[in-house]
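*Asks:* Chains as they are written, first to last, in my numbering: chain A, 1 to 317; chain B, 1001 to 1317; chain C, 2001 to 2278; chain D, 3001 to 3278.
If you are wondering where the hints come from, they were derived from the structure by calculation, not from laboratory data. Just to be clear, a hint being listed does not mean it is correct.
Unchecked claim - A short list of chain B residues far from chain C (calculated; beta carbon distances all over 10 angstroms): (1) S1012; (2) S1016; (3) E1073; (4) E1085; (5) G1088; (6) T1113; (7) I1247; (8) E1315.
Unchecked claim - Taking lysine to aspartate or glutamate pairs in the DMTMM-like style, the calculated list, with each CA pair at most 20 angstroms apart, reads: (9) B/K1155 to A/E212; (10) A/K283 to D/E3150; (11) C/K2089 to C/E2150.
From the three backbone atoms N, C-alpha and C, an ideal C-beta is built for every residue, glycine too.
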Amino acid sequence: MTSDGAKPGAASVDTSVNVGGIQLRNPVLTASGTFGYGTEFAAFMDLRKIGGFVAKSLTLEPRSGNMPARIVETPSGMMNAIGIENVGVEAFIHEKLPQIPEEVPVVASVFGTDPEMYAETCRRLSDVPQIKGLEINASCPHVKSGGIEFGQNPKVLAELVRVTRKATSIPLLIKLSPNVTSVAEMAKVCEAEGADGISLINTVQALEVNIETRRPVLRNVLGGLSGPAIRPIALRMVWQAAQAVKIPICGIGGIATGEDAVKFLLCGATAVQVGTANYVNPKAAQEVAEGLVAYAQAQGVSALRDLIGALELPESG
Amino acid sequence: MTSDGAKPGAASVDTSVNVGGIQLRNPVLTASGTFGYGTEFAAFMDLRKIGGFVAKSLTLEPRSGNMPARIVETPSGMMNAIGIENVGVEAFIHEKLPQIPEEVPVVASVFGTDPEMYAETCRRLSDVPQIKGLEINASCPHVKSGGIEFGQNPKVLAELVRVTRKATSIPLLIKLSPNVTSVAEMAKVCEAEGADGISLINTVQALEVNIETRRPVLRNVLGGLSGPAIRPIALRMVWQAAQAVKIPICGIGGIATGEDAVKFLLCGATAVQVGTANYVNPKAAQEVAEGLVAYAQAQGVSALRDLIGALELPESG
Amino acid sequence: MVASSEAALAGSPTRSDAEVVFNRDEGADNWRMRLRVPGWPRQTAPGQFAMLTPGGLTKLSSDPLLPRPMAVYRVFTEAGGAEVEFLYKVVGRGTTLLSQAEAGEVVGVVGPLGQGFSLPPSKGKAVLVAGGTGVASVYELAALACEKSEVWLLMGARSAADLGNLEDFEALPLNLEIATEDGSRGHRGLVTELMGAAGLDGEEKLTLYACGPTPMMRAVAKLAAERGQRCFVSLENPMACGFGVCLGCAAPRSDGGFSLVCRDGPVFDACEIDWENL
Amino acid sequence: MVASSEAALAGSPTRSDAEVVFNRDEGADNWRMRLRVPGWPRQTAPGQFAMLTPGGLTKLSSDPLLPRPMAVYRVFTEAGGAEVEFLYKVVGRGTTLLSQAEAGEVVGVVGPLGQGFSLPPSKGKAVLVAGGTGVASVYELAALACEKSEVWLLMGARSAADLGNLEDFEALPLNLEIATEDGSRGHRGLVTELMGAAGLDGEEKLTLYACGPTPMMRAVAKLAAERGQRCFVSLENPMACGFGVCLGCAAPRSDGGFSLVCRDGPVFDACEIDWENL
Ligand SMILES: Cc1cc2nc3c(=O)[nH]c(=O)nc-3n(C[C@H](O)[C@H](O)[C@H](O)COP(=O)(O)OP(=O)(O)OC[C@H]3O[C@@H](n4cnc5c(N)ncnc54)[C@H](O)[C@@H]3O)c2cc1C
Ligand SMILES: Cc1cc2nc3c(=O)[nH]c(=O)nc-3n(C[C@H](O)[C@H](O)[C@H](O)COP(=O)(O)OP(=O)(O)OC[C@H]3O[C@@H](n4cnc5c(N)ncnc54)[C@H](O)[C@@H]3O)c2cc1C
Ligand SMILES: Cc1cc2nc3c(=O)[nH]c(=O)nc-3n(C[C@H](O)[C@H](O)[C@H](O)COP(=O)(O)O)c2cc1C
Ligand SMILES: Cc1cc2nc3c(=O)[nH]c(=O)nc-3n(C[C@H](O)[C@H](O)[C@H](O)COP(=O)(O)O)c2cc1C
Ligand code: FES
Ligand code: FES
């Protein structure tokens, strides 16, 4: 019954959605690794104007990440190989989380190098009231041990989902890798193992070269591509996953405006996550939420959830 | 011993390369489907200034392609779902090819809906003197029967390479799909079945939505993403394939300048193919060839082939 | 190496970075830009177009990526090239960037491209129906046609302000009639409604030309078919290359199969088009 | 909701589309741009920077995608914001676009960001070593420092032309010495060679500041360590966000681990940096 971004006099729009048990005032989250621990944006936007945020992926112990260079710009995108630098699960719970306004739903992203490490991190996060759900990062394309293998092999993924599902009873989202032949197959694995939802896509594995030094720009050699460049790939994968499973989907990839978000909802996403756009415009997520409402008003849509999966396909001709 | 684009007085650069038996005066080809049948560019550039061109994919019979809309622009890229519209192999040989200057090497791209159709098309093209090689399009992401399945399943790909290899003794390149979990695995399949080289990448499967009509923009629903947006993905895949096989690689994906081409050579490509850039600047391929020479001169590289695979990796830290 | 006589007539296309001579706002998002294009051929057929790239052919940014098709409005041939004028409406990113190009800066040009209009038979009668940005395509046609034929130019727009600057047309010896949807100038209603008013309904030796939004062209084509009159339309499909290589601009033909709007058109005999599937 | 006193001192950053007041070429690809930034805080620490986006925060094009970090050169506080001046060199796509922004157009601004310089102890001596675009970072520092300390400003460039406009610096009560690699102005050679010439080699109560190319800063840091002098450097790592969330700008610390250049810097005590791995 909320109506963020409503123009005075315009019809109010029901923006609330439920992502696998996570109740959100609107479908706009921010993507893991692009919103820090949520504290950094206070100067630029009102956290209560978005659905919530997904924190930087956490590991059991603090992690210091890869040697620089860690980022490079590419056409309409950027690549990163941060290496899951994070404060560790305990510091997150005790130092970062208390700084977030209570009414802001937080999804904790979890990373590990083996399933048991994932599971233990999940356990520690499961009893924290402000944490409304967990997102398993099964798809980091530039961490050497673990990471991408979980997201690229259906059997390994199944095991990871099974173990983390056992470790928690709060809503569990699995974040999938785009670096696979069939995202539908991976989505089905998650559904079968009891995940409450799917987030996709993580970054697309990529390489950039410095022709002066004749070396990879990133010290890690490979990195993950994000930003508007990958949006049409992400949309395709969200649509394919939505055809394959019934559990809700968080659409991610190059979202910078309300219009972009509408496309993901139409393709079957229940919510979206704004990533790289937060760097370019630190108020982007709030503007995406406002843009969704503006679209709904212009189109006479009374509840944003009516847009979910509403894509019309042409008669095959 | 050629020296295209050489500045007066600058050192001459040996630009010649050999791609699996196809001898080229320089490593710059144009990509299938982006250069028509080679006749359309005469007004804009000198075909003899590039290594050669890969013609639009041919089928046994003429094909009329998909209903429009067939293309749409995306951030730093475009999507297409042309549907392999082509004049058919016979019209190509008898009507199109005679219009191309004799000294221009032509690679014919072959498409089919089953391996036997591919093979028959290969046979018809194999005795035509100006055709220096064949490229098997095993990776069209938007044709319903055939197409992407060949490129996404290692067993099916192996069968396709085997059958086409038997059908021809001229140089045989296999064009791979990027829509796979492991491009290295697919490259190895091609090498094992006797392919002379690999071309990659074809377009990345993608979806774009019109939020006014709430329909996919392309009538075919899915399309293939090309252009600078995919360049870092293509570079990664070329590098991965080059690590996996010994046969030469044609690097494709978002190449628009000599600098872009240098990156592909450093990652292990023996030649490159310029695609979407031909639409933006119909002299792009010639400028890429000139840019390669300019780079070599500036860097004191005497033969372009010395750049192939010359990427230096950081000591793992 | 010797251009065929046909090519010489249509003019072999050039690709170059052209200098902006002027680029001005004529109100209601209508802009007029003149480019000095080296190598532009001596002859341009009326109805041909060019692909324009703000920032030049080797522009800094790859977003937006593709060049934008624009009808050639007027050509002023000069030694070694031509000054070519375009009328365009700012509707999206590409045209916004185009409107930011200032005198002295460059715009990439590939053109002239495509097949232009066939002129009406000498001493015949011609009715040109133009809506929205379609007016840009018909100036050279109107100017040539009215040398030898009687010409009616029926122009449509949402309102008077959208019509832009009509001076060039008013200077031609033709019958100019205007329709605006809001009635702010001329007939209140759709431009197609003027077609009856021109009193030419029964005239068989009349040639119809239509340029504008697809529904408008479809309506004119239907009328022409009913009346047994010849009708040419100029289509606006999305384009990547503009010169027949991407196959992106395909328009379905009434006999099945496709024509390429950039190579076989943009001007087509209306009865060749499969209007249902366009 | 109440800003902490620390935040108030450094100034809480703003994000806004700022109007270009002027943007001019000062020769040798050096540009000076002044922006009117609504919401810019009253206090900016010397050495802080901003992220600039040509075309504004909701720019039309996504290529180039990321904002560009630029040191705040000078600030003129006004009601509700400030006029903020930047000195920048055109080196690539982003700075080329920046140089095309004309008066009245907008540039996206996020700032002021990062931790600035600590001032030299009152009545102490300070030597500022600035090379290339590093000069932009030290103007506010120089101006503040010379109110209470004796300041040497050693500036280096390839040649006299690259030095740009030094008027602002010449107006300050400090000792300005110049080195150019081609000898076209001042000492012929590297700016670090002036450090001996200043006759301050042994001075322990001296604070060194270095801004410029990494090799230059590394050399200054080494000298400072040898002499036992305090030394601050301002690093220029590639950045995506500029405010501590992407973790892209990490610089290796001498004690292992990483500091974020945008959040913990760009100014660092030189001995905290792992110069080998930077
Ligand atoms: C042969 C031809 C001649 C034309 N002549 C003129 C003219 O003289 N004056 C004029 O104002 N417009 C003309 N148009 C339309 C003009 O090309 C579009 O308005 C322009 O491409 C819009 O670009 P944009 O980036 O501003 O819009 P966006 O909507 O941002 O463009 C997105 C994409 O859609 C394509 N597109 C959008 N609208 C059209 C359209 N109507 N036709 C074709 N592609 C489109 C763009 O080229 C681009 O690839 C012509 C189109 C064609 C095909
Ligand atoms: C804290 C800080 C303060 C700076 N202050 C100034 C200043 O006052 N004046 C000035 O002229 N320059 C300054 N720079 C450098 C300036 O940011 C770069 O010159 C600029 O980003 C180049 O952008 P480009 O698109 O023109 O170049 P490109 O080479 O096309 O940029 C490609 C990418 O590399 C990054 N990049 C390139 N050079 C640098 C660099 N030297 N430092 C960091 N990132 C870089 C760009 O941001 C971009 O992401 C500063 C950098 C930092 C980190
Ligand atoms: C610098 C950076 C760091 C990231 N770190 C993480 C991370 O820690 N965990 C994770 O699941 N995804 C991470 N991602 C991926 C994003 O959450 C997101 O899936 C991806 O960037 C695509 O969305 P975008 O195009 O909107 O950025 C990171 C992305 C970037 C750019
Ligand atoms: C409009 C269009 C049509 C294409 N048609 C074909 C084709 O017929 N056969 C083929 O193998 N690849 C085809 N491709 C793929 C290109 O050859 C190339 O692999 C791809 O576009 C990536 O390169 P680029 O980014 O330089 O365009 C086509 C690409 C485009 C854009
Ligand atoms: S626009 Fe490329 S073929 Fe017509
Ligand atoms: S630039 Fe993003 S953390 Fe420093």
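*Asks:* Look at each hint and say if it fits the structure.
*Replies:* A quick look at each hint next to the structure:
no.	hint	verdict
1	S1012	25 angstroms, holds
2	S1016	26 angstroms, holds
3	E1073	5 angstroms, violated
4	E1085	5 angstroms, violated
5	G1088	13 angstroms, holds
6	T1113	19 angstroms, holds
7	I1247	29 angstroms, holds
8	E1315	34 angstroms, holds
9	B/K1155 to A/E212	41 angstroms, violated
10	A/K283 to D/E3150	43 angstroms, violated
11	C/K2089 to C/E2150	29 angstroms, violated
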